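So the sequences go chain by chain: V and F. Using UniProt numbering, read the first sequence as starting at 1 and increasing by one per residue. Using UniProt numbering, read the second sequence as starting at 1 and increasing by one per residue.
Honestly, the hints are just simulated from the structure, not real lab data. Quick caveat: nothing in here was measured; it's all calculated off a predicted structure. In this text, a Cβ means the ideal position worked out from N, Cα and C, and glycines have one as well. Watch out, some of these pointers could steer you wrong.
Stated by the list, open to error - Short derived list, chain V residues pointing at chain F, Cβ under 10 Å:
(1) Ile106
(2) Glu108
(3) Ile121
As the list claims (entries may be wrong) - In silico SDA-like links for lysine to any residue, alpha-carbon gap of 25 Å or less:
(4) Lys17/F - Leu177/F
(5) Lys128/V - Leu216/F
(6) Lys17/F - Ser133/V
(7) Lys128/V - Thr37/F
(8) Lys17/F - Glu149/V
(9) Lys128/V - Val213/F
(10) Lys17/F - Glu158/V
(11) Lys17/F - Gly85/V
(12) Lys163/V - Leu84/V
(13) Lys163/V - Ile197/V
(14) Lys17/F - Ile94/V
(15) Lys17/F - Ala107/V
(16) Lys17/F - Glu108/V
(17) Lys17/F - Ile121/V
(18) Lys17/F - Arg157/V
(19) Lys17/F - Arg40/F
(20) Lys17/F - Glu211/V
(21) Lys163/V - Gly85/V
(22) Lys128/V - Gly85/V
(23) Lys17/F - Gln136/V
(24) Lys17/F - Arg173/V
(25) Lys17/F - Val118/V
(26) Lys17/F - Leu54/F
(27) Lys17/F - Thr37/F
(28) Lys128/V - Arg15/F
(29) Lys17/F - Val93/V
(30) Lys17/F - Leu6/F
(31) Lys128/V - Ile225/F
(32) Lys17/F - Ser176/V
(33) Lys17/F - Leu84/V
(34) Lys17/F - Ser38/F
(35) Lys17/F - Glu147/V
(36) Lys128/V - Gln228/F
Unchecked claim - Away from chain V, derived, C-beta distances all over 10 Å, residues of chain F:
(37) Ala14
(38) Ala151
(39) Leu194
(40) Val249
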Amino acid sequence: MTKNTTDETESEGGSSDSITDQSGERLPQTSENSAGRTEQLEVDRGRGQERDETTLAYNDSSTEPRYEAMPAIRPVLIVLGSVLGAGLVGIGVIASSPTLFGGPEIAEILVSAIAILVAVIGLRLASKAMVLSRTQYAIYDDTFRREYELFYRSQSREIPVEKLRGHEYSQGRIQSLLGIGSVRLLTAGTNRSLGFIEFEHLDDPERVREEIRAVSTHEEFE
Amino acid sequence: MATGLLRWPVDVLARPKVLVASRADEETDSVAHAIVTSLRISVFYFANLLLYALPLTIAGFGVVNESAAPEGFAAFAEPLVNDPDAAWQLSSALVQNSAFLFVATVLTFVTFHLGVVLTRSSDGIVRSLRTVSYSTGIYLAVMFTVVWYVATAPGIRVADEFLLALQAEFFYFFIDLVGVNLELPGGRPEAVDLGRLTRTGQAMFVVLLLSAVYYLYVLYLGARISHQSTRLEAIIAVFFVTISPAIYVLGVIVTSTL
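Work out the full structure, taking the sequences as your base and the hints as a guide.
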């Protein structure tokens, strides 16, 4: 069973129509609320320099990441090994007892089909492991980034912190055995071009969640 | 666009999840939007159906040369084509060649959606429509194409006999189960000597088997991704589809004995 922490998403103010203020009370994300926050910021600026300095410290577009990591590929390799092993066992059973499956000709057809299927799945998992080994996750003060470079082809996906509406933590069976988890960062509804970023197979998912909470909280102050 | 065209066969073979998930989160928030989405999915499906049936029709399958066009069709077609009778023959053959795959698609859709509804995991008919259009438009079409090729290729005789025997055995299993006195036109099939199976025939069976596996797997993915079903619910939905040939055969047997 895959364990998903979706309550965490809501408590982080992650639903598409709500955010969590500093007291933990959920507020509707309406234009009124946005206007209210703007007014609050203006009042703070009128009071003095301290808040502006704090705001400025987090408004600086940081070039140094707060957190960087690469995904673990052990879960993918375990699945790959399992698929290869199951395929070999299946082929071995059929090859050793062809009469059970209707004769040697049908057994040969079944063995060929299993071999092709295992090869396709194996190649798919191997390429996924290769991509993951060249992937990097980074959390900055103002963005979340996932990027990889492979065979002279690079891809980078970023989400501004201000667009983050929540995050979802999940942990599959194999991940659970290895103490690994995945975190999916969610953005709000109508602008479908942003979508989400997934930080897969993290060795320290709790640290990532803390960093997400930290940058999200500072964003709310702004 | 070129990259997308090159990526599509890779997705079909190695990443069917990408096909199913590409628009799985698209919401149909109004009846009008649902209708428009359904029409778009249907266009994709019928385009695939045409890709499957058109080569068969052009090759002459289903074409009856002596048939004349009905008056209404002739009146409609005369301004458009030189020979309304030929147009009618081709159109009829196209419909006939599409019929089996279309009926199989309808059966798949009904049983699949019934499965997700009965497991209370349905997120709407449009999502089932999308899943079924991919699974039948691609993988079931491959299966039908293989069966057609095996039945018509001159060098593949044993594979053709074996396929026919399998289908007949399937019918007779249910005839014996129900206990009716029914005979198929060819009678009970005799055992086929598979020792004479050629490499091409074996390869065709491998493709047929793999297409069937992919067809069922895409339906499973459709239930999991589009309907957010659990593994068990998705397996039950696919189970409904796998028993649909049995339901079809039982229906044929019952209507034949009425």
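The hints, checked one at a time:
no.	hint	result
1	Ile106	7 Å, holds
2	Glu108	7 Å, holds
3	Ile121	8 Å, holds
4	Lys17/F - Leu177/F	38 Å, violated
5	Lys128/V - Leu216/F	23 Å, holds
6	Lys17/F - Ser133/V	22 Å, holds
7	Lys128/V - Thr37/F	32 Å, violated
8	Lys17/F - Glu149/V	23 Å, holds
9	Lys128/V - Val213/F	22 Å, holds
10	Lys17/F - Glu158/V	24 Å, holds
11	Lys17/F - Gly85/V	23 Å, holds
12	Lys163/V - Leu84/V	42 Å, violated
13	Lys163/V - Ile197/V	12 Å, holds
14	Lys17/F - Ile94/V	29 Å, violated
15	Lys17/F - Ala107/V	29 Å, violated
16	Lys17/F - Glu108/V	29 Å, violated
17	Lys17/F - Ile121/V	12 Å, holds
18	Lys17/F - Arg157/V	21 Å, holds
19	Lys17/F - Arg40/F	20 Å, holds
20	Lys17/F - Glu211/V	31 Å, violated
21	Lys163/V - Gly85/V	44 Å, violated
22	Lys128/V - Gly85/V	18 Å, holds
23	Lys17/F - Gln136/V	24 Å, holds
24	Lys17/F - Arg173/V	20 Å, holds
25	Lys17/F - Val118/V	17 Å, holds
26	Lys17/F - Leu54/F	28 Å, violated
27	Lys17/F - Thr37/F	20 Å, holds
28	Lys128/V - Arg15/F	11 Å, holds
29	Lys17/F - Val93/V	29 Å, violated
30	Lys17/F - Leu6/F	17 Å, holds
31	Lys128/V - Ile225/F	20 Å, holds
32	Lys17/F - Ser176/V	24 Å, holds
33	Lys17/F - Leu84/V	20 Å, holds
34	Lys17/F - Ser38/F	20 Å, holds
35	Lys17/F - Glu147/V	22 Å, holds
36	Lys128/V - Gln228/F	24 Å, holds
37	Ala14	5 Å, violated
38	Ala151	18 Å, holds
39	Leu194	4 Å, violated
40	Val249	21 Å, holds
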